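Residue numbers (this note's numbering), protein chains in the order written: chain A, 546 to 726; chain B, 88 to 331.
Please keep in mind that the hints were generated in silico from the structure rather than gathered at the bench. Small disclaimer: the values here were computed from a predicted structure and weren't measured. C-beta atoms are modelled at their ideal positions from N, C-alpha and C, and glycine is treated no differently. A hint or two may mislead.
Unchecked claim - Here are a few chain A residues that sit away from chain B, every Cβ distance over 10 Å (derived from the structure):
(1) 551
(2) 556
(3) 589
(4) 672
(5) 674
(6) 691
To be verified - To give an idea of the interface, some chain A residues facing chain B are shown, with a C-beta separation under 10 Å as derived from the structure:
(7) 566
(8) 637
(9) 657
(10) 700
(11) 702
(12) 708
One letter stands for each residue in the lines below.
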Amino acid sequence: MAGPDERDLAVRFAAGDETAVRAIYERYAGPILTVAMGTLAKRELADEAVQTTMLKAWRAAGSFDPTRELAPWLYAIARRVSIDIYRRERRAATPEELSDEQVAVVPLSFERTWEAWEVRTALAELPPDEREVVRLSHFVGMTHGEIAEHVGVPIGTVKSRSNRAHRRLAALLAHVVRATE
Amino acid sequence: MVFDVVLGNDFELRTTGAIGVNEDEFADFLDNGSRASDPRDESTRETATRFRDLLAADAVWAEPSPTGVDDLLAAIQTESGGTVPAAPATAPAAQPRVPSRRRSRRLMLVAAAAGIVAVAGVVGILVRSADDGAGQDFAVAGTELAPNASGVGTVEETGSGVSIELDVSGLPPAEPGTYYQAWVKGPDGLVTVGTFHMRGGDDHVDLWSGVPLDRYPTLTVTLQQEGAGQESSGRVVLSGEVGG
């Protein structure tokens with residue numbers, strides 16, 4: 546169930562309150578972009594998906610059920626918008642016009658885009674210094690030593706930040722994952 | 088390994104369950120990968136490997152467009168007929184009524200129109216200027232020949248004719264030997280209002296009409312071939328309705 550803050554946010558969002566629109570955008574544009582990029586090959590199409598998702602959400606916000614969570618509601622809209630754009634692009638392009646990247650990209654499965662949304666959201670919860678260590682390590686591919694040199698802190702500090710960050714991530718992602726023995 | 092997500096009705100998606108893997112091992116494997124960790128639980132390894140892949144993905148780290156929220160607010164403002172008050176901190180400063188100086192605000196409308204295209208298809212949508220009455224803004228949308236194209240035009244009567252400023256996004260430069268030609272049309276016929284090529288990286292086009300747009304309310308842009316004559320090729324890439 547959405548908390549009182551989210552319920553209030555959704556109501557003000559539906560009314561077009563600028564502060565609420567900015568808050569929703571700041572909180573959810575990133576995860577929506579993640580879903581869109583997981584589905585669409587081109588960044589400009591992903592940006593279009595973010596805008597269309599937000600606009601559709603605003604139009605539908607009046608009928609948002611406050612007993613639900615905002616995040617899965619927005620995720621569902623983002624996923625559908627991204628797939629619609631993907632299908633539109635597929636229809637528009639003749640085979641000889643398809644670029645290599647368009648051919649190579651197949652939309653991620655439902656589970657994968659939801660996991661990507663959750664990973665993105667979890668990363669946003671990390672303190673900035675821990676998030677940066679995770680980014681440099683996983684996305685840039687730096688070793689702890691390289692990160693220490695890049696950030697200008699002792700390697701021990703990088704290791705402890707990395708350790709804390711990954712424990713926090715594991716805890717933040719716990720609700721997403723359930724394993725069977 | 089079971090990923091427990093249930094998609095119910097259109098807007099219902101819920102996650103259930105708690106992490107079933109060893110959380111410490113999961114964190115260690117996320118942190119160190121296969122280099123230092125050797126989790127005994129195979130499901131821990133599978134889960135952590137999937138999440139490590141996501142942590143290395145562009146999609147997870149890409150930042151939304153810095154102008155996206157302003158584009159969204161502009162679109163909301165447009166759809167709500169200008170009834171949604173904008174906060175003073177982000178309201179555009181008043182500009183002199185010189186067409187070229189309205190450009191930054193209109194560029195926001197271009198982006199807003201791009202978002203509307205997905206909903207409106209190729210039908211142009213009238214979007215009136217909220218800040219002044221000097222010009223009349225209207226949206227143009229790409230056709231099947233240019234599905235990523237969109238734009239906003241502003242028409243303004245002057246002493247020498249009708250000025251049509253067009254800000255376009257997503258329209259590729261015309262290839263050498265070809266050019267774009269803009270037209271206005273109505274019950275009285277078809278009149279060209281200018282040609283352009285978009286090869287210089289500019290997305291702003293100044294067009295002029297010598298006929299009144301209340302009688303020629305449809306603006307189209309066609310892709311033309313040099314040397315193929317002065318008739319419209321019929322290959323429409325952009326279309327919109329002026330007036331309303």
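Verification of the supplied hints:
| no. | hint | verdict |
| --- | --- | --- |
| 1 | 551 | holds (14 Å) |
| 2 | 556 | holds (14 Å) |
| 3 | 589 | violated (7 Å) |
| 4 | 672 | holds (16 Å) |
| 5 | 674 | holds (15 Å) |
| 6 | 691 | holds (15 Å) |
| 7 | 566 | holds (6 Å) |
| 8 | 637 | holds (5 Å) |
| 9 | 657 | holds (8 Å) |
| 10 | 700 | violated (14 Å) |
| 11 | 702 | violated (15 Å) |
| 12 | 708 | holds (6 Å) |
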